[in-house]
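Going down the list, the protein sequences come from chains A and B. Everything in the first sequence is counted per this note's numbering, starting at 91 for the first residue and increasing by one. Everything in the second sequence is counted per this note's numbering, starting at 91 for the first residue and increasing by one.
Calculated directly from the structure, the hints in this document are not laboratory data. Treat each hint with caution, since some may be false.
Since the list gives no way to pick out one identical chain from another, each pair is judged satisfied if it fits inside one copy or across any two copies.
Claimed, not checked - Cut-off 35 Å, straight-line C-alpha distance, at most; resulting in silico cross-link-like pairs (DSBU-like, lysine-lysine): (1) K424 / K236; (2) K193 / K424; (3) K201 / K265; (4) K108 / K252; (5) K191 / K444; (6) K424 / K252; (7) K287 / K380; (8) K444 / K265; (9) K285 / K424; (10) K287 / K424; (11) K380 / K201; (12) K424 / K191; (13) K287 / K265; (14) K444 / K120; (15) K201 / K424; (16) K265 / K236; (17) K265 / K108; (18) K444 / K107; (19) K193 / K444.
If you're wondering where the values come from, they're calculated on a predicted model, not measured in any experiment.
There are 2 protein chains.
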Amino acid sequence: MNRILSRITSPTLLLDKKRCIGNIHAMVEKAQRSGVIFRPHFKTHQSLEVGQWFREAGTEAITVSSVRMADYFANDGWEDITIAFPLNVREMEEINHLAGKIKLNVLIVNKEVLPFMEQNLRHPVGIFIKIDTGYHRTGVDATDHKSIQEIIDRLDRNPLFKFSGFLTHTGQTYKSSSSQEVLKLYQDTVDKLVKLKENIHTHRERMILSIGDTPSCSLVHRFEKIDEIRPGNFVFYDLMQYHLGSCTPGQIAVVLAVPVVARYPERNEIAVYGGAVHLSKEYITLSSGKRSFGSIVQLNETGWNDIEEDGYVSGLSQEHGIIHAGRQLMNRTKIGDLIGIIPVHSCLTANLMKGYLTLEGEEVDHMGGN
Amino acid sequence: MNRILSRITSPTLLLDKKRCIGNIHAMVEKAQRSGVIFRPHFKTHQSLEVGQWFREAGTEAITVSSVRMADYFANDGWEDITIAFPLNVREMEEINHLAGKIKLNVLIVNKEVLPFMEQNLRHPVGIFIKIDTGYHRTGVDATDHKSIQEIIDRLDRNPLFKFSGFLTHTGQTYKSSSSQEVLKLYQDTVDKLVKLKENIHTHRERMILSIGDTPSCSLVHRFEKIDEIRPGNFVFYDLMQYHLGSCTPGQIAVVLAVPVVARYPERNEIAVYGGAVHLSKEYITLSSGKRSFGSIVQLNETGWNDIEEDGYVSGLSQEHGIIHAGRQLMNRTKIGDLIGIIPVHSCLTANLMKGYLTLEGEEVDHMGGN
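Chain A on its own, in the form it takes in the complex (with noise of 0.2 Å):
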């Protein structure tokens, strides 16, 4: 690790692959014990080598969040796979390029699309419908019986459209304060989701129940009456997943390793190379009322150690981070040091960091963003 660490000269996203693949199984195992659909999504990763990990744990079906994405792993021998952003119209070229050649599922949430889908889709593709379970950012309301039966007649009519499921994401699981909460309204998902297939009526055979949100997926032991989950974020989980409890600091997989290029004892700052267009300005809010963009860890001979409690990530502009230091930290802190930064969103990062270097100094694919 010294080695890889001399190495470094600029931000650097630090990758513990052991880490990850514990997620990964973690997550696997969990799923069959549940006898539920493990569908990763690879949004927060966007790695062909992590997708890899995926498939060696028996990973087949994969969820992404645009349609280049999409391409990106199909291109890679990813052969079932859920967009999970509402149908974009504009996109129907490449949708119907996808489509033709592996098994596509698209996420519609609402019906004014669908005379738009039966003029140009060309070849079938599995249709979940986007159910709005109290996020409120998209998706036809849980309890609006009417507008989805219509919808799914509207489905049902045309032989190209499979009609899969209900989809959700419970996405407001991640503004919870705590684990409590998040079982709360993961229950409460569930039970509008089952509620709403007693009162719907398809001619599919089998009608899937799909949610996502790492939180849930993270807290809730057994899932029952559902049939897949989607999770993406814990594969490196962040900041922001330990601060909900859905993981302990040892499952944080990726850390940013950045030099020291200033101290500022008097202030109690440090200045570092690294910031929002490594970072992301994501933040989470401390107990203090401070905003923190990351926590400090001290990095050594097998990768970091343990959270420091003696300082945070307390400013980003472009370039730069500030790191509000405690004494200690200050102390043992010196110019052209590396100072390790847990994200407060690893998918953010990651995006913007468009690759990882493992702990054993290999690097990592990323798709490069967007």
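Starting from the known structure of chain A, fit chain B onto it as the hints suggest.
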């Protein structure tokens, strides 16, 4: 333009070349009128093509924010570059490589790096001392004449070190609430730099006082007592600069075109394909106390209309944007339409989008971030 818009299938950063070149010429002329060196910061656009527009306007000296960016532009023939980021000792090899082929200026923010530089620098470099004039990010406090004199004395003893002057970034102007406040902060910065210059001694013939922030450079009519300006953001401007009074809406040269994927009239919301991985999570706080992640414009035959009073981007997740839309905007917006979003911070948006499309349909390069 309609032909160009009809080609757009996913989030695309539109660049109004005419406005951009107008912004460049206005700043070039202002610098000429004041007789100051114009050394624009290229971190906003990170583009060889946009760099060429500067070159055609007579620019020869530039500023960048990373060693990699210096290398990128040096390879395109730029031979006078200031890296306006605290010297990172871990990148000494790359710095030596650059210093061996172009006129390179580096920034030192403290005396601790001097022994390392004395030992490792192999070619002459210009050296600016970063002065903290109140932003408190990095640099030596403007009133700490003793430390600054010590650094200069040490620089003056080494023939490879060419002490160039004092550089500051009045970043506190970005948090101003009025143009008057920006001008007050600018004047305070100039006063501090002038006082510093009068109080230190060097055997160099010329000492440059260099300022950089776009709000000051935009609002000051005539630069006096300083020698160099390094604005960057002004090349595109953005919502933050408009709110500070640094520009008119008609000077903003980039807009993110995003496809509409869902409408929710019952809660005054439109969902678009365009999220944090396209715009960044930077926001401004509206007078209502709400956060805006972007303003809305209607795309038209020749570019885009004025800012809509009737809506703004109220939320962002990874790929989703939520637009709070009044009745007019809601009524005229259909699924599949393109909406224009003025980014809050164009530097971060450009860094994420990694490329531009001009209103004439030409693709314009971007270094690709970090």
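To see whether the hints hold, each was checked on the structure:
Within a single copy, K424 and K236 get their C-alpha atoms only as close as 65 Å, which misses the 35 Å cut-off; across copies the closest is 22 Å, which meets it. Taking identical chains as interchangeable, the C-alpha atoms of K193 and K424 lie at most 35 Å apart only when they sit on different chains, with a minimum of 29 Å there against 54 Å within one chain. Taking the shortest alpha-carbon separations for K201 and K265, only the intra-copy value of 29 Å comes in at or below 35 Å, while the best inter-copy value is 45 Å. For the homomeric pair K108 and K252, neither the shortest alpha-carbon distance inside one copy (39 Å) nor that between copies (49 Å) is at most 35 Å.
For the homomeric pair K191 and K444, the shortest alpha-carbon distances inside one copy (27 Å) and between copies (29 Å) are both at most 35 Å. For the homomeric pair K424 and K252, the shortest alpha-carbon distance between copies (26 Å) is at most 35 Å, but the shortest distance inside one copy (61 Å) is not. For the identical chains of this complex, K287 and K380 are neighbours neither inside a copy (44 Å) nor across copies (37 Å), given an alpha-carbon limit of 35 Å. With identical chains, the CA atoms of K444 and K265 are at most 35 Å apart both within one copy (27 Å) and between copies (31 Å).
In this assembly of identical chains, the alpha carbons of K285 and K424 lie at most 35 Å apart only when taken from different copies (31 Å versus 60 Å within one copy). In this assembly of identical chains, K287 and K424 lie within 35 Å of each other by CA distance solely across copies; the values are 30 Å between and 60 Å within a copy. Taking identical chains as interchangeable, the C-alpha atoms of K380 and K201 lie at most 35 Å apart only when they sit on different chains, with a minimum of 31 Å there against 44 Å within one chain. Taking the shortest Cα distances, K424 and K191 sit within 35 Å of each other only across copies (30 Å), while inside one copy they are farther apart (55 Å).
For the identical chains of this complex, K287 and K265 are intra-copy neighbours only, at 27 Å inside a copy versus 51 Å across copies, given an alpha-carbon limit of 35 Å. Taking CA atoms no more than 35 Å apart as the test, K444 paired with K120 passes inside one copy only; the shortest distance there is 30 Å, against 39 Å between copies. For a Cα distance limit of 35 Å, the shortest separation of K201 from K424 across copies, 13 Å, qualifies, whereas the shortest one inside one copy, 60 Å, does not. Taking CA atoms no more than 35 Å apart as the test, K265 paired with K236 passes inside one copy only; the shortest distance there is 30 Å, against 50 Å between copies.
When the C-alpha separation of K265 and K108 is checked against a cutoff of 35 Å, the pair qualifies only within one copy, where the shortest distance is 29 Å, while the shortest distance between copies is 43 Å. For the identical chains of this complex, K444 and K107 are neighbours both inside a copy (17 Å) and across copies (29 Å), given an alpha-carbon limit of 35 Å. Proximity of K193 and K444 under a CA criterion of 35 Å is satisfied in both settings, with 28 Å inside one chain copy and 31 Å between copies.
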